[in-house]
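Now for the letters of each chain:
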Amino acid sequence: MLDWFFVSPAESRLLGTARLGGPTPWVIAIMSFSIMLIAATGLALANTAGVLSRAIEARYAVELPGGGANLDAATNAVRSAPGVASAEAVPESEMRKTLERWLGQSAQSRDLPVPALINFDIRQGASLSVIQGRVRKLDPSARIVAHRESVGPLLQSLTLLQAVAFGLVLLLSAAAAAAVVLAAKGALDTHRFTIEVMHGIGATDLQVTHLFQRKIAIDAFLGSMTGGLAAALVLALLAGGAAFVGELTGGATLGIRDLIILALLPFALTGLATWVARAAVLRALREAL
Amino acid sequence: MSKAWQGTGLAGDVVGSAGRPVAAVSEFDSVGLRYGTGAEVLRDLDFRLRTGAFYFLTGPSGAGKTSLLKLLYLAQRPTRGRIRLFGEELSEAPRETLPPFRRRIGVVFQDFRLIRHLSAFDNVALPLRVAGAKDEDVEGPVREMLAWVGLADRASARPATLSGGEQQRVAIARAVINRPELLVADEPTGNVDAEMANRLMGLFTALNRLGTTVVVATHDVGLINATPGAQLIRLENGTLVDPTGTLRNPPRAPKASA
Chain D
1 MLDWFFVSPA ESRLLGTARL GGPTPWVIAI MSFSIMLIAA TGLALANTAG
51 VLSRAIEARY AVELPGGGAN LDAATNAVRS APGVASAEAV PESEMRKTLE
101 RWLGQSAQSR DLPVPALINF DIRQGASLSV IQGRVRKLDP SARIVAHRES
151 VGPLLQSLTL LQAVAFGLVL LLSAAAAAAV VLAAKGALDT HRFTIEVMHG
201 IGATDLQVTH LFQRKIAIDA FLGSMTGGLA AALVLALLAG GAAFVGELTG
251 GATLGIRDLI ILALLPFALT GLATWVARAA VLRALREAL
Chain S
1 MSKAWQGTGL AGDVVGSAGR PVAAVSEFDS VGLRYGTGAE VLRDLDFRLR
51 TGAFYFLTGP SGAGKTSLLK LLYLAQRPTR GRIRLFGEEL SEAPRETLPP
101 FRRRIGVVFQ DFRLIRHLSA FDNVALPLRV AGAKDEDVEG PVREMLAWVG
151 LADRASARPA TLSGGEQQRV AIARAVINRP ELLVADEPTG NVDAEMANRL
201 MGLFTALNRL GTTVVVATHD VGLINATPGA QLIRLENGTL VDPTGTLRNP
251 PRAPKASA
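Residue numbers (my numbering), protein chains in the order written: chain D, 1 to 289; chain S, 1 to 258.
Simulated from the structure, these hints should not be mistaken for lab results. Since this is a predicted model, take the numbers as computed values, not measurements. Be careful, since some hints might not be right.
As the list claims (entries may be wrong) - Computed cross-link-like contacts, DSBU-like style, restricted to lysine-lysine with a CA-CA straight-line distance of at most 35 Å:
#1 137(D) <-> 97(D)
#2 134(S) <-> 97(D)
#3 97(D) <-> 70(S)
#4 70(S) <-> 134(S)
So that you can see chain D by itself, here it is in the shape it has in the complex (with noise of 0.2 Å):
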């Protein structure tokens, strides 16, 4: 499967020493660069949202809209509930201290009215109904408020960058593969002049295409690794420095699986680049006779 890898010397010295394109490894390794950080934001993406995600499932908040007069026993009504895993109220200076973002020191004026809230996670199998009727004996105003209404535009807004994240990384991978077939397309005319030498004493167009397509996997894959490595480099310091990872995803990390999967990148790009490369060759070749 890859016996076109491994040829003799001689073999090797029919296109040259030089490298075949220039400046492809270096465009590689900037695609291989990019596409590993993006990569990296769009697994970490995913891993915040997921970790949101499975954190609000089953919260949901009680909003007493008249205050704290009835907190404690609206507090204890929605934990004796059944399927209620756990249930804490809100402190009325917390609320406070949250108002004071957008009323200043207004916010702590006793004539301000303020809701009272009790947070709760509910277990499988929980009535929300049941919750609700429990505390509207007590607070006929109360009504119950899924977490995720509040978070979904942030999730959504997660999902979306994820999509962005992969599209870019698409279109990069397109950049680099466009990159490789005009470096091939390059190579061919300079050495159009050994093609047409290997062509006349009977070379086919597999055998061409082995010579370039091992040149530019050569290539492809020093960029790749290139750009991988210096990736995996920034990566490292901005998750020590828990710049990145910690401030962006909320404590979300990459696992093993995304590690993997980053590791994984350069060699596929070196494979797409290597495969471009060959469908390039051979159809470019097909046009002579």
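Given the coordinates of chain D, work out where chain S should sit on it, guided by the hints.
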């Protein structure tokens, strides 16, 4: 099939891909060639190259000799007519079927066509390697061939460091290294001195005696006369000047006027 070569005696047979003996190395039947939309550079070519014969292709510059050779060594397809090579109709054969036929042909190009970044050794070894020979099977024959053309001590030299004559000899060594069934040479002695020209023609005739059909395009009447038994194909303005006489023995060189 043209009457021109009907009844021509055959010096030997080659074997086609079907395993049957082939009467002629190459047969041209009403062949024409044009480049792009230009006028035909070759017209109505009808002839047959007998297996094991020695041919000189002559004619003035621009007569179409190189184009005819290109058709012979499968670098060009005819725009009309039929060409059979080694018993196979190849005018419209799919291109992927051509390499095995090309390996049976040795070509000496007018401009040598040596790969400049390869040594003389690697250039000569190229046909063997393309044919799949292993490195250990390449060394001996290539050294022997280089010695034969007087370049044993220049094996590692690149073409750019060789003289025109030396490059010509490397090109010839490359063309014959595979013991081709058909050897096509375009002005093969144009860049060598008389002694080397005779030596190279000696190589060609030796190959011819071993059964290789040889076609040499040349203007050199002296060379033609020095090759007894060779036959002449003369082209003028893209056509054979005397279709009924294309396979005759070469004329004597014109005597110098007293």
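Within 35 Å, alpha carbon to alpha carbon, are residue 97(D) and residue 70(S)? violated, 90 Å
Holds or violated: residue 70(S) and residue 134(S), Cα atoms, limit 35 Å. holds, 29 Å
Hint check: residue 134(S) vs residue 97(D), CA-CA at most 35 Å. Holds or violated? Judged against 35 Å, a Cα distance of about 83 Å means the pair is violated.
Are residue 137(D) and residue 97(D) close enough, with their CA atoms no more than 35 Å apart? holds, 29 Å
Consistency with the previously given hints fails for numbers 2, 3, ordered from lowest to highest.
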